[in-house]
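As given, the protein sequences belong to chains A and B, one line each in that order. To get the working numbering, take the position in the first sequence, counting from 1, and add 41. To get the working numbering, take the position in the second sequence, counting from 1, and add 41.
Bear in mind the hints are in silico, worked out from the structure with no lab data behind them. Misleading hints may appear alongside valid ones.
No copy labels: a pair is met if it fits in one copy or bridges any two.
What the hints assert, rightly or not - Okay, derived cross-link-like pairs now, DSBU-like style, lysine-lysine, Cα gap no bigger than 30 angstroms in a straight line: (1) K43 to K356; (2) K204 to K404; (3) K252 to K362.
None of these values were measured; they are calculated from a predicted model.
2 protein chains.
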Amino acid sequence: MKIAVMGYGTVGSGVVEVIESHSRVIMERTGGEALEIAHILDLRDFPEDPHRDKFTKDFGDILNDPEVKIVAETMGGVNPAYDFTVRLLKAGKAVVTSNKELVAQKGLDLLKAAEEGNTNYLFEASVGGGIPIIRPLTQCFAANNIEGIAGILNGTTNFILTKMIEEDMSFGDALKLAQKNGYAEKDPTADIEGHDACRKVCILASLAFGKHVYPSQVATQGITDITLEDVSYVSSANGVIKLLGQIKYIDEDSIAAFVSPAVVYNGSQLASVRDVFNAILVRGDAVGDVCFYGRGAGKLPTASAVVADMIDCAKHVNRRKIFGWSNGEEDYVVDYREKIEMPFYVRAKMSESRVKNVFSEVKFLSRKGQPSDEVAFITDKMTENELMEKLSGEKVLNIIKVTNY
Amino acid sequence: MKIAVMGYGTVGSGVVEVIESHSRVIMERTGGEALEIAHILDLRDFPEDPHRDKFTKDFGDILNDPEVKIVAETMGGVNPAYDFTVRLLKAGKAVVTSNKELVAQKGLDLLKAAEEGNTNYLFEASVGGGIPIIRPLTQCFAANNIEGIAGILNGTTNFILTKMIEEDMSFGDALKLAQKNGYAEKDPTADIEGHDACRKVCILASLAFGKHVYPSQVATQGITDITLEDVSYVSSANGVIKLLGQIKYIDEDSIAAFVSPAVVYNGSQLASVRDVFNAILVRGDAVGDVCFYGRGAGKLPTASAVVADMIDCAKHVNRRKIFGWSNGEEDYVVDYREKIEMPFYVRAKMSESRVKNVFSEVKFLSRKGQPSDEVAFITDKMTENELMEKLSGEKVLNIIKVTNY
Numbered sequence: 042m043k044i045a046v047m048g049y050g051t052v053g054s055g056v057v058e059v060i061e062s063h064s065r066v067i068m069e070r071t072g073g074e075a076l077e078i079a080h081i082l083d084l085r086d087f088p089e090d091p092h093r094d095k096f097t098k099d100f101g102d103i104l105n106d107p108e109v110k111i112v113a114e115t116m117g118g119v120n121p122a123y124d125f126t127v128r129l130l131k132a133g134k135a136v137v138t139s140n141k142e143l144v145a146q147k148g149l150d151l152l153k154a155a156e157e158g159n160t161n162y163l164f165e166a167s168v169g170g171g172i173p174i175i176r177p178l179t180q181c182f183a184a185n186n187i188e189g190i191a192g193i194l195n196g197t198t199n200f201i202l203t204k205m206i207e208e209d210m211s212f213g214d215a216l217k218l219a220q221k222n223g224y225a226e227k228d229p230t231a232d233i234e235g236h237d238a239c240r241k242v243c244i245l246a247s248l249a250f251g252k253h254v255y256p257s258q259v260a261t262q263g264i265t266d267i268t269l270e271d272v273s274y275v276s277s278a279n280g281v282i283k284l285l286g287q288i289k290y291i292d293e294d295s296i297a298a299f300v301s302p303a304v305v306y307n308g309s310q311l312a313s314v315r316d317v318f319n320a321i322l323v324r325g326d327a328v329g330d331v332c333f334y335g336r337g338a339g340k341l342p343t344a345s346a347v348v349a350d351m352i353d354c355a356k357h358v359n360r361r362k363i364f365g366w367s368n369g370e371e372d373y374v375v376d377y378r379e380k381i382e383m384p385f386y387v388r389a390k391m392s393e394s395r396v397k398n399v400f401s402e403v404k405f406l407s408r409k410g411q412p413s414d415e416v417a418f419i420t421d422k423m424t425e426n427e428l429m430e431k432l433s434g435e436k437v438l439n440i441i442k443v444t445n446y
Numbered sequence: 042m043k044i045a046v047m048g049y050g051t052v053g054s055g056v057v058e059v060i061e062s063h064s065r066v067i068m069e070r071t072g073g074e075a076l077e078i079a080h081i082l083d084l085r086d087f088p089e090d091p092h093r094d095k096f097t098k099d100f101g102d103i104l105n106d107p108e109v110k111i112v113a114e115t116m117g118g119v120n121p122a123y124d125f126t127v128r129l130l131k132a133g134k135a136v137v138t139s140n141k142e143l144v145a146q147k148g149l150d151l152l153k154a155a156e157e158g159n160t161n162y163l164f165e166a167s168v169g170g171g172i173p174i175i176r177p178l179t180q181c182f183a184a185n186n187i188e189g190i191a192g193i194l195n196g197t198t199n200f201i202l203t204k205m206i207e208e209d210m211s212f213g214d215a216l217k218l219a220q221k222n223g224y225a226e227k228d229p230t231a232d233i234e235g236h237d238a239c240r241k242v243c244i245l246a247s248l249a250f251g252k253h254v255y256p257s258q259v260a261t262q263g264i265t266d267i268t269l270e271d272v273s274y275v276s277s278a279n280g281v282i283k284l285l286g287q288i289k290y291i292d293e294d295s296i297a298a299f300v301s302p303a304v305v306y307n308g309s310q311l312a313s314v315r316d317v318f319n320a321i322l323v324r325g326d327a328v329g330d331v332c333f334y335g336r337g338a339g340k341l342p343t344a345s346a347v348v349a350d351m352i353d354c355a356k357h358v359n360r361r362k363i364f365g366w367s368n369g370e371e372d373y374v375v376d377y378r379e380k381i382e383m384p385f386y387v388r389a390k391m392s393e394s395r396v397k398n399v400f401s402e403v404k405f406l407s408r409k410g411q412p413s414d415e416v417a418f419i420t421d422k423m424t425e426n427e428l429m430e431k432l433s434g435e436k437v438l439n440i441i442k443v444t445n446y
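Whenever a hint applies, use it, and build me the whole structure from the sequences.
Printed below as a string of structure tokens:
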């Protein structure tokens, strides 16, 4: 079966590599069908590449080749990936992608285009890289009401936080090291400000609860305000700070979804997720907590998930996989600050007696070199709005949510 | 769509409960089809049960009801479950099961019967209870050569080992507590001798590598020889003892598969799996290590996996899911003692100098109250046969494999 790859960057070239190096298992798993690379779309020139005769700069070469049945979109970004994908799907070609930005923004439209073309749009690689999560979420948990999801969805920030926690490295130094190791881009904004995690939250929430959640609906806070002082206080409470994407079911008509640093207590499966690894914890009412762990990014892990989707498409030509993913609504994602109760970590310039006055009961934390006018504590459960009201007028240095996962 | 349940024990009654309590999500996920319980097969009487009008003691009532399209087999054991399942499948009814003993012994035959009947035989619940592993293994890793699998596959033994590790409880006391809590049966042999884990290893190996592996081919050792002394020595090396099922790819024609206690170093995702939880780690050549974690047993987790398989069958009537699972061979599973190199933990009545004489280099361990004539150490990598040769004539107290997962 002929296939095409659009975008020959890290993931796209990985897709070509995996298809070639795994031709035997691919044949076995499609039931005898080989994946044959017919075209590679990229605007750049790769004169030295062994596939140079496959390259094209003209999308029409793929769209108009009737033999091409499956296309891997590994371009990234919304444009022109969106336009290309819609046209391919409507023409009846299956498309698989690792492009989380596109799925988060346009997943519903693209699934509708796939329906029109009686073909499949699959995106296992868009969340958690090589970690299987889309299929388990849509198939294996089918007999559960999902109560919540919490995930370490971004490897770059988890690497930075791991260095801060384990090696007492400052945020700035850890970021530089991540860049040096190729884990963070020159402009690290999408990672450290939580935008990348936000996109993955949108995809998970849309699949888990069936209504499209858009990035603009997800309150998103990155890790740039986390200091070694916070890390140290939290450590004294037997916890670690992780960047979590969290989704909570409220009722049939509403969920909460947010990305933020969070205190995770040791003993949680999420606490032991170190370095660039990702993990996604799903809480179902029948199954309890299930956790998926692995490399959330990287050339071959992500490419292997893209190729697995291609294999699935090869097995399901003209048979559509149905995701229950319908229109979202403006008020579907509620303001978590108002609705969700949780404990909070607070670091402030306050006296202990003042803290006790404001909060009936807290757990005080300590750290080496703690200044006499600084306190850190963990509150009882309350909404963030209630917390902010209690703290109004106080000199607050940092606030971090405490998770119950 | 009408369905039947065979066996109204813990899992079977859980299946009925999940179907009834989750009718809304089930409808959503099948695309509008409800699962309607038509018959429940059990030899016992349940006069007080609200479903008493559904009960039958006659298998023919299910087999001969043309409206019944899907049957959950939650009877356990090989007979008569095997006979019933074959007849249902050949009659074109889909069967889903949590019966690991049956799948491990007869999986291939039953998949062939399903092929004959042009229907599906699904068994997600047979490994890891509610943890999704069968689908990820067969679909999401399709573009990987699987190099190995290691799993904590039995909750009872993991509970016992956790109590030994964390509370210094003896094996006997921990077993009694497990029985009191309902985690272990009166006759705990299948759990503590590793037979239950062995069955799951067979299913995982058969799916991962495509050839049926039978329980008799898997060298199986339980946890009854593990003492608090071993736990303590291993703890001094920053490790824990877990009962692991391990599968290793050797080449196209051979694998190794064995169940035994194993030293897992802290830092591994498997080390932090406590209590009755299970975890399965899959190592793929493209994706790296991926780990799945959750409740491996229990009424509702297991039942929710059975019902998820029923939903999948409801979506795939007359469309078969293909597992690449073919005939096994007698010499396909090699003797790991001869082929697989690994480090070993050894506890013995030997002097340190004698140990140094026999092994070029080892890491000595220590424990509180260590007798002066006892040593414990971790060897370099070697085969078990090589180890046994080196230790021949020595007074060995215990030997435990050290895993590289």
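Status of each hint after checking the structure:
no., hint, in the structure
1, K43 to K356, "both (13 angstroms within a copy, 28 angstroms between copies)"
2, K204 to K404, "both (26 angstroms within a copy, 29 angstroms between copies)"
3, K252 to K362, "both (17 angstroms within a copy, 28 angstroms between copies)"
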